[in-house]
Structures are given as C-alpha cells and as structure tokens.
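Using the hints, put the two chains back together into the complex; each one sits in its own frame.
Here is what each chain is made of, one letter per residue.
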Amino acid sequence: MLEKAIFGSKKFYAWMTFLGLLITIGMAAYLYQLYHGLGTTGMSRDVSWGLYIAQLTFLVGVAASAVMLVLPYYLHHYKDFGRIVILGEFLAIPTLIMCMTFVLVDLGKPFRLLNIFRYPTPGSVLFWDVVALNGYLILNLVIGWITLQCERQGTAPPQWIRPLIYVSIPWAVSIHTVTAFLYAGLPGRGYWLTAIMAPRFLSSAFAAGPSLLIILALFVRRFTNFDPGARAIQTLAKIVTYAIIINIFFFFLEVFTVFYSQIPSHMLHFQYLFFGLHGHATYVPFMWASLLMGLAAVVVLLYQNVHPNEKVLVVGCVLVFAATWIDKGLGMMNGGFVPSPLEHVTEYVPTVPEILIAVGIYAIGLTTLTALYKIAISVKEELRA
Amino acid sequence: MEGSRRDFLKLAGLSALGLGAAPVLASASKAAAQTFGDDAKALKGTHWAMVVDVSKCQDDCQDCIAACHEGHNVPTLPPEKKRNEIKWIWHEEFENAFPEQPIAYLPEKLKGKPFEVLCNHCDNPPCVRVCPTKATFKREEDGIVLMDFHRCIGCRFCMAACPYGSRSFNWFDPRLYLAKTNSAFPTRAKGVVEKCNFCSEQLAIGNLPLCVRACKNEALVFGDLNDPNSAVRKILRERATIRRKPELGTGPNVFYVI
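Chains B and W, in that order, give the protein sequences. Going left to right, the first sequence walks through residues 2 to 386 as the working numbering numbers them. Going left to right, the second sequence walks through residues 3 to 260 as the working numbering numbers them.
Keep in mind the hints are simulated off the structure, nothing from the lab. Take these hints with a grain of salt, some might be off.
Said to hold, decoys possible - Among chain W residues calculated to face chain B with C-beta under 7 Å, some are:
#1 Gly114
#2 Val132
#3 Cys133
#4 Gly156
#5 Cys157
#6 Ala162
What the hints assert, rightly or not - Calculated lysine-lysine pairs in the DSS-like style (CA-CA distance at most 27 Å, straight line):
#7 W:Lys218 with B:Lys110
#8 B:Lys312 with B:Lys80
#9 W:Lys111 with W:Lys236
#10 B:Lys375 with B:Lys12
#11 W:Lys58 with B:Lys110
#12 W:Lys236 with W:Lys218
#13 B:Lys239 with B:Lys312
#14 B:Lys110 with W:Lys182
#15 W:Lys140 with B:Lys110
#16 B:Lys239 with B:Lys5
#17 B:Lys110 with W:Lys83
#18 W:Lys58 with W:Lys83
#19 W:Lys182 with W:Lys89
#20 W:Lys236 with W:Lys136
#21 B:Lys375 with B:Lys312
#22 W:Lys83 with W:Lys182
#23 W:Lys136 with W:Lys58
#24 W:Lys113 with B:Lys110
A virtual CB, placed ideally from N, CA and C, is assigned to each residue, including glycine.
Bound-form chain W, shown alone (with noise of 0.2 Å):
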C-alpha cells in the first residue's frame, strides 16, 4: 500500500514536471517573438502625446468615441446604469475638462462645445503611485500607461488618484453590453479597472490610435514629443496649448487648442 502510493506520487511528480517544463522551455526560447504585433511594421516613439484642435472638432460628431469604444470592445450600458458606465474617450464641456481655469466671458463658440477627454498618459502618474500589484504601469520606452487586466485586483485606488476621471471599472460582466465584439481586443470580466491604452496594439502594427484615424476634420494629432519633426511638436511650435490640471504636477500628455 506504502508502496504503491509512493509510485504514484512519483509518476503524478514526473508527469506534472514534463507536461509543466515542456511549454516553459519553449516559450523562454520564443520570448523575443511574443510581443504583440509587427516589430518592423510598428510605430516607435520615446514619448507618445495627442493635440486635440477643438476648434476642428464637430459639435454633433462622435466618430472618435464610436472607433474607439468599438474597437476595443467597450460596453455600452443602459441609461439607468449610466453611473456605471465605462468611457475611454468622451466629450466634456470646457467647465468641466478644466475646472480650476474657467475662462471668464467664455467665448461663444465655446459654450457648450465638447472637449475629448481620455488618459492623459502622465509622466508622473498618480494611478501607477497607488496600484498595490503593479497592474497599471508606464511602459518605459514610449511613456503609455497600460494596464494589466489580469493582475489588476480591482481596489479602485487608482480611480481615487486619478484626477482627471479617466478610468472606469467594471461594475457588471461588460460582455453583457457589448453589441458585437472585435475579436483583435480582448474583452474584459467584471471586476477589473480599464481606460485608454493610447491605442498600443495599433501602434504595435504600424497604426495610429483609433479615435486619430476617425476624425473626418483632423481635430486628434498624434505624435512623438522627443522627435522635433512630428506632427505634434509642429502644432506645439505654431500654437498656444493647454493641459488639463497642470499645476499637479502630474505632467498630462494630452494638449488642448482652444
């Protein structure tokens, strides 16, 4: 009986060993070519930021939100479970995008024009400072704030430090909501934080983001900060930006023409 529960042991130890060892050693071979998408295809940058030109912006348009939201499988919830909902890039009025510097006399064609607003992508991210798992992380080599949808915990501290209301979580099963789903981006479970990944699985495949390439009037510019020649450091030279809460510290990646 002793005997016999050993060598069972034993072959269960030596089974679970090659069945375990087998894909791990062929993996750690492969590590280099698990990176998602076309490495000599992708768009590489040191310091990805966004121009968003409101004056080019369509009060009535939601092109931007739409590729956006439909590419990366984002639910739409019912109107009565609208404090719930998830939005990666949605309008704001200009009050609201920036609170603490209201224009005074606000000029007519900017009362009530909306203002896209999405992650920030900081350079000093408040949400990356409280995550407790690392799940929300900046991505060294181009300064994208990503998140890991399966280490993420869902404590929502990074809901509390962000200052700008770019992250949403998800309250419900999103799959329940989705219309139809884009089988190139994962879906998420219930339980988890999401928010704008400033489109990397498209840079990674020599794309610009989603909501850039929606825009009929060319209102989102996107584009390297550390190269002079790109087409956001142009803009940046010609006109006079704004961030949203600067004086944080937070050093938001996203400018805004007004």
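Okay, chain B solo, but in the shape it has when bound (with noise of 0.2 Å):
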C-alpha cells in the first residue's frame, strides 16, 4: 500500500515539495539552534519551558482524539464511523511524531535522549509519557495499517487485533492525563497545580481533535472520491459541541476555585495571563480571544446541532480549533512560569529560528498525514471503483 503515498498528481507533488521546503528550513534552524544552544528560542531560567512543549501538550490531545472514533465504533458498533475511523487513526500518528519531535528539539542534549531508557526511572512522568506516547503511536499505526489492509484484500482482520483495539481505547485517554501529570503535580507552580487539569486537558483535547477531523473530512470529500458521510460528521459534530461546553464548564470551575478562594499563589497567574502583572499583558489578548472564541464556539455548535450546516459547523469547528490552542498552545506554559516561584515577571516570546523549528515539526507532521490519509484514501477510491 505505501506505493500509494509517492505517486499522485502534480497538486500532490507541489503540496509535498512545499512541505519538504517547510521541513528543510526547520532543519537549517534546528541545527542553528543545535550549534549554539537553546538561547537561540526565547525562552529562559524563569520560563524554561515554550513553544515546544506547549506544542506536545496540544498535540497529545489531538492524538488521543482517535478514541472517539475508535469507541463508538468498535464498543458500541456505531456503523456511521465505520468508514472514518482510518482517518482518527491515521491522525494519531503524525501527531504523535510531532509530539515526540517537539520533545526532542526542545531537549538541551538530544544526543542522550536514550538515557531516558538507559536510566529508567518510574518515579518520572517523563518517563512514563514516553512510554504512553511510543505505546499510542505503535498501537495506531499496527491497527491502523492491518485493518486497511484486510478492508483493501476484503477479508475480515485478524482476531489478534481486536484486544489491540480494546487496549487502545483507555490507553488515548492514559496519554493525555499522563501529559497532565507532567505539571500538575508540582509543588510551588499554583496555575497548574489543580486536580482538574487532566479533565480540562481531555475535554478541551475531545473537543480540538474531531474539530480538525471533521475539517479534514470535508476537504476529502471535496477533493477525492471517497465520501466519509454526512452523519459521522454530524455526530463528530455533537461531539464536538460536548466536549467545547464540558471544556469550558471546567475552565470555570477553576476560575471559582481560585478567584473565590483569593489564594494570591493561584490568582496571580490568572491575573497576568487575563489582565497583566506589574504592566506585563503580552498575552491578555489571545486568552481573551481564546475565551470569546469558545464561548462563541458554543453558540455556533449549538445552532449548527438545530439547523445542520457543514459551513457553519466549519466555522464552528475553526474557533474551537483555534481557542484551545491558544489556551494549551500559548497559555498553559506562560500562565505556569510567569510569575516565577519568587514572584517575578519574566515574559516569555519566541523567536524566530524556534517559530521556525515548530513551523518544521508541523509540517513534518502534515507531510506524514497526506501520506497516510493518501494511503487510505486511494485504498477506500479502489475499492468503491
């Protein structure tokens, strides 16, 4: 089948070579970055983590977004996603490739990335996110591969698989709570030391992937032969519409918590990234965004949900996609490290060559996701043809 992923028509190639433009440069920047340190992003001693792992957590939500096709599909034999749940699939993978580039770059000696396994220390969520992150990205790719397979050559798959499946379905929500547990069990870090951090990193995760699936639906209706089906869009939409509300219920449940209990340790990340601290407001304007475009999100859903629109859920799908990257992407980092443990503001802004590293990733990543979706697509043409 992988024949499939090289050959095709000259927009194809253009896409590619694009891409292949996007990586390269990434490249030339990472080995900037490489040469003289990690100076070179714009982060430092009182926020050291950025853009990157931001990235990684982001990307781990839109990973574990396959178990909502994966679930209704295979446990409660939803048939409507039958035709789609390739796609969740094979969106796992390149997100997670991404995730665990966005890992590597970001490490200061990527050359002892295998002390991680030499050295293994269960006591780490580091270690541990490792461990679910390669764990999902193998068990997609084996399940994903040998069910098109079967699906191309007309057989039933193997019953070898079926436990595969079974496991990978708690296994997407143990990747993005273990991602969770990264931050929310550190002392003296007040934005991210909540309980509710892996609920709000599931829901708002439930609710970004199947937007970008259904986005990506739509396009290969547009663009190929083969029709993923009005109605799994439309329940991917309810979904959606589900997890945005749960998302932003829970966003209020810890706004409660934190502005009721006035605990300045708890406030005070919340004040800068709403409001500003000590005249420092780089990012007031994207969390006021991202909250205006959930909550507008909502609405879109919810009116979508009454009156079936796919350029209204598209939109729809567009600010949810949108608000929860700016709440993981931008905000989750710099409302942890600003103010620092010692109460000083030091703001965080990228640089150019780590703007251009990312840009790198996520095209190393869409490079792998036309390639895949190319695969199963020509595969599904084939077989209606």
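Next up, the structure:
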C-alpha cells in the first residue's frame, strides 16, 4: 500500500514539495539552535519551557481524540464511523510523531535522549509520558495499517487485532492524563497545581481533535472521490459540541476555586494571563480571544446542531481549534511559569528560529498525514470503483 | 576472501576486548580509591544544612556570590542575556525570597535587604522526583542534592519542579562567558542544568563551603543537623528561624535568621 503515498497528481507533488521546503528551513533553524544552544529561543531561567512543550501538550490531545471514533465504532458498533475510523487513527500517528519531535528539539542534550531508557526512572512522569506516547503510536500504526490492509483485500481483520483495539481506548485517555501529570504534580506552580488539569486536558482534546477531523473529512470529500458520510460528520459535531461545553465548564470550575479562595499563589497566574501583572500583559488579548472564541463556538455549534449546515459547522470547528490552541499552545506555559515562584515577571516570546523549527515540525506532521490519508483514501476509492 | 574477513573480525574483536577490558579491570580493583577528595580529611555529615543570619549580611557585599561563582566556574552573562543567567547563590529581597509569608509593616532594616538564596537541598526534593534519568539525585550519606552533568539530557523538568527557582540551565556554551577557569572544578557544556552543590567538592577535601568561608561577617553557617553540637544546631537552639515555602513539604535545609 505504501506506493500510494509516493505517486500522485501534480497538486500532490507541489504540496509535498512545499512541505519539504518548510521542513528544510526548520532543520536549518534546528542546526542553528543545536550549535548555539537553546538560548536562541525565547525561553529563560524563569520560563524554562515554551512553544515546543506547549505544542507537545496540545498535540497529545489531538492524537488522543482518535478514541472518539474508535470507541463508538468498536465498542458500540456505531456503523457510521466505520468508514472514517481510519482517518482518526491516521491522524493520531502524525500528531504523535510531532509530539516526540517537539520533545526532542526541546532537549538541551538531544544526543542523550536514550538515557531515558538507559536509566529508566518510574518515579518520573516524563518517563511514563515517553512510554505512553510511543505505545499509542505503535498501537495506531498496527491497528490502522492492518485493518486498512484487510479492508483492501476484502478479508476480516485478524482476531489478535481486537484486544489491541480495546487496549487503545484507555491508552488514549492515558496519554493525555499522563501529559497533564507532567504539570499537575509540581509544588509551587499554582496555575498547574490543580486536580482538574487532566479533565480539562481531555475535554479540550476531545473538542480540538474531532473538530480537526471534521475539517479534514470535509476536505477529503471535496477533493477526492471518498465520502466520509454526512451522518458521521454530524455525530462528530455533537461530540465537539459536548466537549467544548464541558471544557469551558471545567475552566470556570477552576476560575471559581482560584478567585473565590483568593489564594494569591493561584490567582496571580490568571491575573497575568487575563489582566496583566506589574505592567506585563503580552498574552492578555490572546487569552480573551481564546475565551470569547470558545464561547462563540458553543453558540455556533448549538445552532448548527439544530439547523445542520456544514459551512456553519466549519466556522464552529475553526473557532474550537483556535480557542483550544491558544489555551494550551500559549496559555499553558506562560500561565504556569509567570510569575515565577519568586514572583518575578519574566515574559516569554518565541524567537524566529524557534517558530521556524515549530513550523518545520508541523510540516513533518502534515507530510506524514498527507501520505497516510492518501494511502487510506486511495484504498477506499479503489474499493468503490 | 571470506577467510580473510573472518580473520580480520577475530583480530578486531580480540584487540577491542584487550583494549577495553584492561582499564575496566584496573579501575574495578581501585574502585574505592576513585572517590574524589581525601577520605581522612573530608568533612563528614549525615544531614548538611545552612543557616543564613540576614542581620549580619552587609547590603553592598557580594563576597559569597563571587567566591561560589568563581570556584564553580559559573559564567557571567552579558546584561542583554540576563534572562538566561546562571546562579548558584544570589540575592533576593524578602518579598521575593518569602512571597507566601509577607510581613505586614516590614521593619525598616529589612526593606531592600539582600537575602542569600540557594538550593535548599530538600529532604524531599521535587527536582529529584521528576528527573527522568536520575541525573539529579539526593546523596544518601549526607543529603546533598547533586547533579550528574554527564547524564542530564537537558529536559528542564527539574526547573519546572523546583519551587525555589534554584536551578539554572546552560542556554549557551558557558565557557564563552568565563573570564577565568578554575581547573579544580569542571566547567559545563551547553544544554545541561546546574545548581548549588553545597560545595560537595570542598567538603571532600576538608573545607567548609566557599560561600561560608568567603563571608567576613560569618552570616553563613554550615553544619550537620544530626549533630547536636554542630554550629547550625547551636543557632537553631537559640534563635527562631524561618525556611522558604515549608508548606510545600519539601523540607528545605537552609534556615534564615531575620
């Protein structure tokens, strides 16, 4: 099946060349970072994680959302998802590759990466995060590939794949829970020290991931001969609607605890993000935009559920994706590290090389996604013909 | 052809074994002697701690910082790279050293007063808990929290975990910013985390920590908490002290007399 990822139309080659260019630029920027050190990024002594780890956090959620297709299809035999479950699994693979690449470029000593396995430390959440992410990657690769191959050959999937599918369901929940535990167990970081971190992560993941899937499914229907099915898309829309409402509800639970208790070490981070602190307010417009887009998305999606309309749905999905990306991709790190445990405010703004590296990694993800989707869709088209 | 290749591999294997095994065997037999320092002279403790008597600290004095940073090859970064600086011991004002226990109507003598802050060598260190490679660890015999610069992968999880901001990362090659190098202590490479080591290298040769020795006013006192006659226990018996963020359960081992 792999050959289907290599041969394609002119548009396909142009798209892959464009992505290849972005990857090359990103790699050049990474060599620059590797040579001069991570000081080429905007990170600092006080804000010691930035764009890279934020993208890891956000993308783990997108990867985990494959379970929103797998669970209804395999556990509840929801037939409408039968055609697109592969799109979920094949979305998880590139996002996990991006996650691990983001961890790699964040390391000060990337050549020592395997020390994580040479000196395994079960007490460290990072150790478990690496295990969980790699495990989920392998699960999706095996499940996605084998089921697609069987579909192509017109045979039933082998029996041994079933247990793997069942394992992948709680595993999806685990990858985002473990990622939340990276933050939620650290003393002295008031913004992160909250039990609702993992639930918030999961709810935003199950909003962001399926909304991306909807956009991808509509794109696939428009530009290929494969139709993921209008009912499947509307069911995904319901999932996104519930998830974004729950996500905003969880956010307000956190806001209540923080502001009603009035404990400064928890409040200061929210004040910094939403109102600014000691005259530093770089992220204030972003955070309000995120909150307002999230609320707007709820209105748009609820309307769409009553009056189904795919154009309106796309607007809702873009709003959800943008809102959750700002919340995790910008708010999570800046809110956690500012102010510092000594209550100094050092602001973080990513640098150009840092952004180019991040864009390059997204291009790696898109290249993989394009290749995998092309394989899956070619097989589906073949079967229809 | 096949024969000669096999012979070559055999030869290569044997010579590698010979070259590799000899030093390993030699070092194994001398393992005990490989510990740094002079075992007879070394200062031995079971629970090292420090007391900082802020009242004795002179406002404009930087002696302890200079002694530590010179002795440990801590680079001085130019002002435009201040956000990337490396600090083992430094000065903070009271409200930053103790943000969670503000004193209402802070006495005049404490306003703007420098408080020495450094690694607390916690009883229950969060940095050690989160490290994915055990590159940072708590030494069992005396409780010092140490770093293995050669094992650290530079993930900076420890920096997120430390509630005292005591850890620094080498964002650049630190050797570029060293005016002079102390050859008795290793320099670091870019990409690893570092912090105060309670002068484990000084204790090993029978010296008190560099900052303690550098202070002309004896504002810094070092000793063993498990020894009732130690200098630190003597002060703790007589004076009320506070520690930074004790409510987090980290068990900090730097005490402040204010």
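Structure versus earlier hints - violations, ascending order: 1, 7, 11, 16, 18, 20, 23, 24
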